Amino acid sequence: MKSGYRLTLWLFLAPVLLWLFLLIVIPHLDLLLMSFRGESGVGNPVWTLQNYKNFFTEPIYWRTFVRTALYAVITTLCTFVLALPVSFYIAKLARPRTRGFLTVLLLLPFWVSELVRVYGWMILLRESGVFNYVLLKMGIIHQPVEMLYNDVTMIMGLVYTSMLFMVVPLISVMESLDDSLIEAAYDLEASKFAILRTIIIPHCKPGITSGAIVVFMLALGNYLTPNLMGGKNSLWFTEQIYNQFIASFNWNQGAAFGFLLLVLSSLIIWTGLKVTRQRLGEVAS
Amino acid sequence: MANDLSVRELVRTFGDFTAVDDVTFDVPQGSFFSILGPSGCGKTTLLRMVAGFDEPTSGTIAIRGTDMCGVPPNKRPVNLVFQHLALFPMMNVAENIAFGLKRRGMQSAEISRKTQAILERVDLPGYGDKRINQLSGGQKQRVAIARCLVMEPSVLLLDEPLGALDLKLREQMKVELKKLQAKVGTTFIYITHDQSEALVMSDRIAVMNNGRFEQVGPPRELYSDPHTPFVARFVGENNAWSGTVEEVDTHVRIRTEEGLLFRARSHDAYPAGTRVDLFLRPEALRIEPEGKSLNTFKVTVKTILFDGANSRLLTVTPKNHELLVSLPQNRQFDYIQPGDIITLDWHPDSGLCFEA
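The listed protein sequences correspond, in order, to chains A and B.
Here numbering that gives the first Met the number 0 is used: the first residue of the first sequence is 0, the next is one more, and so on.
Here numbering that gives the first Met the number 0 is used: the first residue of the second sequence is 0, the next is one more, and so on.
These are computed hints drawn from the structure, not numbers from a lab.
Among the clues, some could well be false.
Straight-line alpha carbon distances no greater than 20 angstroms define the calculated PhoX-like cross-link-like pairs of lysine-lysine that follow [to be verified]: (1) B:K291 with B:K301; (2) B:K178 with B:K167; (3) B:K297 with B:K318; (4) B:K301 with B:K318; (5) B:K177 with A:K191; (6) A:K191 with B:K167.
Since the model is a prediction, treat every value here as computed from it, not as a measurement.
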């Protein structure tokens, strides 16, 4: 009986374990090894720390790295600030029927691929785009303005892409918030801002954290949006990795960058959890 | 005596539905005032308007003489104890109590002094560091009340806070709440659908039905002298009987539908032939009386509903009309068995009739 139970357990676990092992662990181990390999002066493969050293000695690499981290954090914050009122409206103020409709509206953009969505933005924002056309016709501007290829546009694109991943966990935690808690705080002389700070946000903490982690990871690892909307002026670290692998064909350097990005994201998430005094287990449950 | 709360001609409508219909009352300072009514009678709407969560369609609410029209809940000198208490689960007991004081921007030394003092008031000294989910139902209750009392409100509103407790604890909390109110002297406005809670605790009770106040008065008056049939039915237990007025002298002479003739009391003088409902308390019926009067009649015992001091007999008249009779537990009537025929009698002043 007992051995039968264990056999079933292993049988069901097998696909997951295989998937994890074959597609995640083995490639990463291979990449890790690759990142420590290099060529000696005469072209023989050797073990080396040169790939990591390059990162620290070449300013463009680590500057892009810091920029990427910073902008990913900014994107996460912007997404949170925008998603909070949206999810509060959907979870608490909208009528049940409108609620479903609004959630579908939020989902709708995700039915088309990210590439198409980004090109959609480009059609709107480029020099000969819709916005410029309208503004010119209305006489507000006299020269077309290039709205693409700068940091603000890029962050807007990233926020747009990741909104849903913040709104959905926020809606689900807010639905579990008892309305009478908000009323009780209001009754106890709390201002609207104090209610937000002392009741709503502490209650929503697990949802905020899981939303923030997803959005942060998506922003940090995004390639399309920074590349297309940020253009040459807004370098993203994923572009550096891509360049190493594809343009320079230097897989060893690319692997090292990949690992640095992994360390970075883990580090920032760990710091975030520490600062807000949470544990990953609590957030996941 | 000054009034803490004065409500004048208050109306609240939701579309075609009138939830609160022309309600006027005063609550004197330091009294325990209850609003008693069945669910859906508009009592919660009334309370929410006093607290400021809802605005009246017309009429005025004044607290200590200040008109509260347009004043938001966080600016009103009233606090509300919610039905499900609404304690903040993310904070401990002391933080819950300090919440309102912090919002006032009080010094933290002053806050902790007041928090300690109020915890002692509600008999929970040393509970400040406990989490909310570590407390029992009765303790949560007291924390919720302490959280409001610490704000020193002019009026404390309570929205059926005992509803979620089990029976034993509810009985205990009734007495405790009454004692606490006497101790702190704050004006309490308590809404409930449980007539026993209202009767035990209140100085005055308003019985509410379909958005209107049917009668306002001290508990004893509501019980012994209801002004409307609704109050007679809703407050305490009552046996009801339909009949017709035959003659009016000092009392009303009523012929019930099954042909029994009684003498009873009424508020208004009804002409002969008026259809009336007669209300009679179970404890007004005397079993096996000495002597005979007009109000003596015979019934058959159907079952004995034993409930300690509150034991009753379920009896039927020959025409199968059910009557509850209280059964004093002094062993005098231990011989009564189901199926027995017993004689009942009642004083003409204890039966009250209203036009049907």
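Quiz item: Which numbered conditions among the earlier hints are violated in the structure presented, ordered from lowest to highest?
Solution: 1, 5, 6
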